[in-house]
Every structure is written in structure tokens, then in C-alpha cells.
Amino acid sequence: MRGNRLKKYLIFTRSGFQTVLAYRGALLLWFIGAMVSAVLMGLVWWAIYSFSPQSVIAGYAFPQMLMYVILSAVVGEVIYTDTMGSITDDVRWGLIGMRLMKPINYRVQLGFAAVGDFLARIIIIGIPVLTAGTLTVVFGFGLKGIQWYNILLFLPACFLSALMFDVFGFLFGQLAFRTQAMFGVASMSQIVISFLSGGIVPISLFPAWAQTVLAYTPFPTLVSLPVRIFLGQVGWMEMLIGFAISVAWLVGLNVLAHFAYKSSVKHVVVFGG
Amino acid sequence: MLKELKLYPKYVSMSLRSGLSYKADSFIMMISFAVTEIISLATVYLIVGSVPQIGIWSFNALAFLFGFILVPKAIDHIFTDELWILAYWAVRHGELDIYLTRPINPLYQFVAKTFKWDGIGEFAVGIVIMCIFAPISGIAWSFGSVMVLLLCGFFGIFAFTGIKLIFASLAFWIKSSGIILNTVYNLSSYAKYPLKYMGKAFMSIMFYVIPFGLMLYYPIECLITGVNAWWSVLWSAIAAIVLMTIGLTVWTIGIRRYDSSGN
Amino acid sequence: MIELKNVEKYFKKPVRGKGVWGMFKSLFSRKYTVVKAVDGVSFTVHDGESVGYIGANGAGKSTTIKMMSGILTPTGGEILIDGKHPYKSKERNAVLKTIGVVFGQKTQLWYDLPLTETYELLRYIYDVPDDEYKKRLNELIELLDMKSFMDAPVRTLSLGQRMRADLAAAMLHNPKTLFLDEPTIGLDVLVKRNLVDAIKKLKAEYNTTLILTTHAMSDIELLCERVIILDAGKVLFDGSLEEVKHMFGDTRDVKVTCKTVIDGESVKNHFGDAVIKHAAEDGGHSVTFTIDGTKLTTGELLNYMFANYEVADVKISETGIEQVVEKIYEKDRAQGDGTNGEGDARE
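Chains as they are written, first to last, in the numbering used here: chain B, 1 to 273; chain S, 1 to 263; chain U, 1 to 347.
Hint data in this document are derived by calculation from the structure and do not stem from the laboratory.
A portion of the hints provided could be inaccurate.
Stated by the list, open to error - Derived pair list, reagent style EDC-like, types lysine to aspartate or glutamate, alpha-carbon separation capped at 20 angstroms:
hint	chain 1	residue 1	chain 2	residue 2
1	S	K113	U	D127
2	U	K234	U	E91
3	S	K3	U	D151
4	S	K113	U	E8
5	S	K113	U	E120
6	S	K10	U	D151
7	S	K10	U	D127
8	U	K176	U	E8
9	U	K90	U	E225
10	U	K192	U	E182
11	U	K135	U	D112
12	S	K200	S	E95
13	S	K6	U	E120
14	S	K10	U	E182
Unchecked claim - Rough simulated footprint, nothing fancy, chain S against chain U, three-plus residues with beta-carbon under 8 angstroms:
hint	stretch
15	110–118
16	205–218
17	286–293
Please read all numbers here as calculations on a predicted model, not as lab measurements.
All C-beta atoms, glycine included, are put in the ideal place defined by N, C-alpha and C.
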């Protein structure tokens, strides 16, 4: 019985995977765009380091900073599961009513699709780009201290981040019930989340007070944690605590999103969406 | 041309009244653009703040540059946002048909249709940042430097419009050029960093290929160093004319290939 | 007068490779197949004519209309509307002022505004003088029965209302020629009928030249005197509606129901080969005769039936152009079998 239900939802994982495959051309172009940005960010840092009195800024020497920029770009693209887009489309094209009537939990369905989305992104583009980027920085810029077990641990950390991004998408995506301006909501939430989670610059550059505040939010687990794990900046204990915090936030946010969703759906019923 | 100018207020008013049913949405978009730019400035602050000075550039000067770039960007955004639709959607879905059957320039009709007042958010952020940082940017203010700023700001609009038109028109060949346009357009956000120190290769690209550097960054660098400022105006003007000429040519050649598919 | 001289429109479709690498390669490769959407079409339409332009999906009819209305540039040949080319940048504005276009699947109305807003804009675009605009708009509102929805935003209109509004938009500047591309698509029967009547009224009132493409053959039968049939980008037939019927067999079915049993065979014997076949139902109480319209009128058959039987009910159904076209295709297929291999690649 349970196995059957799981099977039912795994169909959505597969379709999420296949959706990404179908749009692999566009995805590839997005990735190229993200990599161009990473290279240019690297140039900005190159200018900064050449005028810096110290060789280490906020805990990062130049090769590490370069790797940080590449890694955060890869993480940003890989965990970018399209949960928000799915809700937006379902609401806009009036499919949401139909979805709600099916004997399938809409939230769980979206989550399983996000997993497929993530797997496709990391397999067809994430891993190749990551390999190329790492080799470039290690052999071209002399980055040291990358361990194979850290690279392996980076993957489950990304998976947790993808789930986190999915729940953010589910939370903010519910705004589609209330506004047409989902392009604005999507782009704003993406940039805010990216900034606060260390997707643009390392959190260790932030003022001390901001770092303290951020430590009490789910954001650092999203980009900063996997990237720092990859770079070998996270000890075993900290890693375990980091994963535990991630999972705790995931549970908490999903509960919150669940209740928010209940009220959103009432909104649909009231306004005949 | 005269007819187009006379018609423009009519288009603006129609576009504004069309948007009235979505006032709250436009407001969200406006906030979203403003927030995006503020985060972008915070990023510059965090990066640049880690060193006292990058050659001739202090953070204050870079912040002023940041504000300056936002203004032409916002103005272009307000007037020609529809070019994004051209790149992503309109060619692929054959949505230019109706403009081609009317006795008035089709590009004009397509672009004039949408007046994005929510770009005011970016515009305001740009002006405020400029006002805050103008006195501490290290620029020697005079009538001349204000004129340089105004003129380069004006030509700077066409840096965005021209690039958008060129790369959006590529859609006539490849159906959807949105992602490519997006990548090229995003180069503009690197004009707010000290290009001078970011390597010869990238600087050349930003000066001679995709001239965001020449048109947006260089004028402020000249104002800070106090040399060549009027030359930068001249270069901006030339670049604006060249970009728009290329853009209109690509559009004109492209529209002949338009195949009205998608229905 | 509209002249098409050996007009061609070819589309190049890039050959797409498979897989990520294939799609990457196709960005740079120059391999493509040429699809001949319109392949040497010539005809002339005189002022005031109404022409139905028909053919299967992908026969090239929309492509031709789009070339005539300035949307597409022909690959070869020449299109002249009153001596000017609609696709040449110097001449297009002069041509476009004299034509109106309605697409069944696209609207030119502003989605969120009342109709009058779009009409006002069009009035400026086409330089319609103020008094003329007012007079004409009132006429059109009357003619197309649009009073009830003039002030509602376009997004709230039904498809039928929207089509009428689009018709009015295309007629505001008093065009000499009106192009209609699938105007009745997606409409239900009654609304369709209303729209066709409206077009008929417009045509009668303003003597506009009418060129229309449609899937619904009833539209053509009601609106057009002349039919151009297109297949695989070539003109298959160009002539009057009557001619179509005669050339390709004007057959009609007459179903007669009587209280007594009808002897179908004797009826057939009486008229000879003018009765093509007869099929009995209801144990012979009703018989459907398929007659050849060129040899026998329905009236003659019925007179005979009334004279010999106690007729209770009569049903007449004319063979539609739909079947006629189907026949043409069958004929064509039998002759051509596969010589035009491009045919199915077309959109």
C-alpha cells in the first residue's frame, strides 16, 4: 500500500526529470549565462585582490574565492527547482482546481517533481560544469585542499538545498493566488534568497551583526553550507550540526507552508479562482 | 515620424489605463526592481569594502557610478521593455502579424504598446544614490561636468535599447533569443565595477564589442580623473548611433524573414 | 485589383540534431530543409469580388493571405495591390491603408480596454477624419449589433462578440479589400451564422473586395462567388462556386418518406443514370436517392414522387464543398501518389 503510493508520486519525479531534459537546450544556455557571470565576478575579485593589502579576504585567498564564485553559481542553478513556476502556471491557467480534486497531495506532488528537476540539473549540467570549473581552478590557479569526500558530501548538501528551495518556492509561489505579478515576485525572491544565502558573496564578508542574524535563518544552509563543505571549510561536527539545522528548517518551513497553503486554497474557493 | 511622435501620448495613456486593472501588480514589480538594485549595491559595498581603495576608485565613487548607470537603464526599461517579449515570445508565437498589417512602423507599434511605469522604482533608486554620493564621489562638480553627466546619461539609454534591439531581433533567425539577450544584457551590471583593473581583454569587450563600459563606465571614470570627459561624450554619442543603426538594420533584415509561425 | 504573379514562399527549417550536443551544433550549422509553402501561385482578383480561398491544413492559404496583407515577404514572384507591393518598405504604408485584416485566432483589440479605445487608436493610425470616423463607427455598431458591449473591456467579450468587434476594427478606415483568415474558427453554429450574415451585410453595404480562408465550407457557399482551391502550395482550381460543383460532380441526396413502400428500382429506371443510387430504410418506407444535379433537378424528382406516392416527408441535403474538395484530393492522390513528398512536412 505504502509502496504503491510512493510509486504514484515517483511518476512526478520522473516527469520533473524529463521536463528538464526536454528543455536542456535552454537550460544549457542559462548555465552558460551563469558561468559567464561567474567568470566576470572572478575578474572583479581579481581586481580587488590586486589592490588588497592582505592576500586573504574574509577567510578566502584568491583561488578559493574564485572557486567560491563558481560553486555558488553552480549551486544556484542546480537547486533552482521550478516549484514556484509550477504553482504560478497552475493558478494562471486555472488548473489548480483540477489538481486539488485529484486523490494526490498537491504539495507532495510538487516536492517529488522538484526532486526530479534537481537530479536532472545536477546530472546533465551540474556535474560536468563542476568538474571543468574545479579542474580549472585547481590546475590554473593553484587551489589546494579539495578532498574527494568533501566533493561527495557536497552532493547531499545540494540535495537538501534543493528541497529548501522547493519549500521557499511553495511558500512564495502561493502569492500567485493573490497577484499577477509573479515575474516580480519570482525575480525578487530569487535575488533576496540568493544574496542572503551567500549566493552572490560569501557570508563571511557581511558585517558581524548580519552574520549573527543570518545564523538564525535557514538561508546559510542553502548555498553557503554546500559550498563551504566543498571547499573543506566545514569540520565534521559543524557539518553534522549544519545538516541537522537544514532538516529542522525543512520540517518547520514545510509545516508553515502547509498552513499558508490551506488559507490560500480557501482564497481560491472564496474567489472562485 | 511626426505621426509616430503625435501618437505616442495616446499609446502611453492606453498602456497606463490597461495597467490600471493590475495596479497592485505593477507596484510589486516596482518594489521588486528597486529591491534588486539595492541588493546589488549592497553587493558592491561588501566586495569593495574589503579593500580601502581600488586604484582611482573608492567605494563612494563606485556607488555614484552605480546610481548613474541605473538612470539610463530605468529609462530604457520604461520605454522599450516590450523588446524582451520580442526576444522570448513574439517571434516564436507569430505575434507580430497585426503590427505588420497597419500603415505605421511595426517596430514602433510593438514597442510603444507597453509603457512600463514600474521602471520608476529603479529610476528613483538611481537618482537617490547619485544624490547621496555626488558630493563624496571625488568628482569636481562644475557646469561642464553636469553637462557631461546629462549627455552621457542620455546616450546611455541607447546602450540598453541598442543592445536589446540587436539581440532581440536575433529571434528572427533563432526563434527565441531571450536567454542570449539576457546574458549580454547582464554584462551591463559589470560596468559598475572598476573595469580599468579587470583585465585588458574584458575591458576591450566592454568598450568595443558590447559598449556598456564605453557608454556607462568610462564617462564617470573621466569625471573622476578629470581628463577626457568631453571625449567620453563624443564616444558615447558615436556608440549610441552605431548601436541603434545596427539594431535597426538587424530588425529590418530580420522582419523580412519573419514567418508568422505558431498558429 | 489584386494580382499575384507566380508567387512563391519557401521556409527554411533548420535540421535539428538530437541530444544536447546536436542542439548545440544546430545553433551553428547551416543545414536546413526547404519547405515550399506557396509554390508558384498566380491569380487576379478584381474590385468587388468575393473569393473563397480553401485548401487543407498546410496547403498554403494562410501564407498567401499573409503575403497579400504585408506580413510575409514572398521568396519569389510578385504581389500587386492596385499596382503596389505590400511587402516593400516604400510602398507598404500606401497599400496597408487600403486593406483590412481579420485573423480568427488573433485579435488586434486591446485586451484590458473598452473597444472604443482601440478604435480611437486605429482612427489615428489610419488618419480617418473625425466626422467620417464617427459616422462610420455608428454604422458599424448598428450593422454588427455591437451596442451592448461597446464599453466593456475586451477580455470580457465572448468569442463571437470579439470577432464582430475585430471586423469593425478592420473596416473603420473603409478598406477597399478585406482579408479574413479563418474568421469563424472556434465559433458554434449559431454564432457562426450570425457572423457570416454580418460579413455579408458589410460586403453589401460597402462593396468591399473580400478574400477569405476558412475550414467551414458553408462560409464559402454563403459568402463567395469565386473559389480558389489550393493544394501543396499550388492552385488546384480557380473558378466560380457553380463551376466547382459542376466540375467535380454536383450530387445531392433526397430522402423521401412515404406511408407506402417505395419501389426504388422503378424510380431509378424511370430517370436512368440521373439517379446515381438509392438506399432504402425502414423496410422501404423511406428511400434516399442520390441524384446528379446536372441531369435532374430536385424538383423534377419530387414531382415524380408526388405524382406516384403519398409522400409524407422530404429531406434534401446538398453535397458540400467539403466533399468536393475531398474528391479533388482523392483524384490528386490517385494521380500523384507521393510525387510531392514535401506535402506532409508543412505546417
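**OP:** Check each numbered hint from earlier against the structure, then list the numbers of those it violates in ascending order.
**Re:** Those not satisfied are hints 2, 3, 4, 8, 9, 11, 12, 14, 16, 17.
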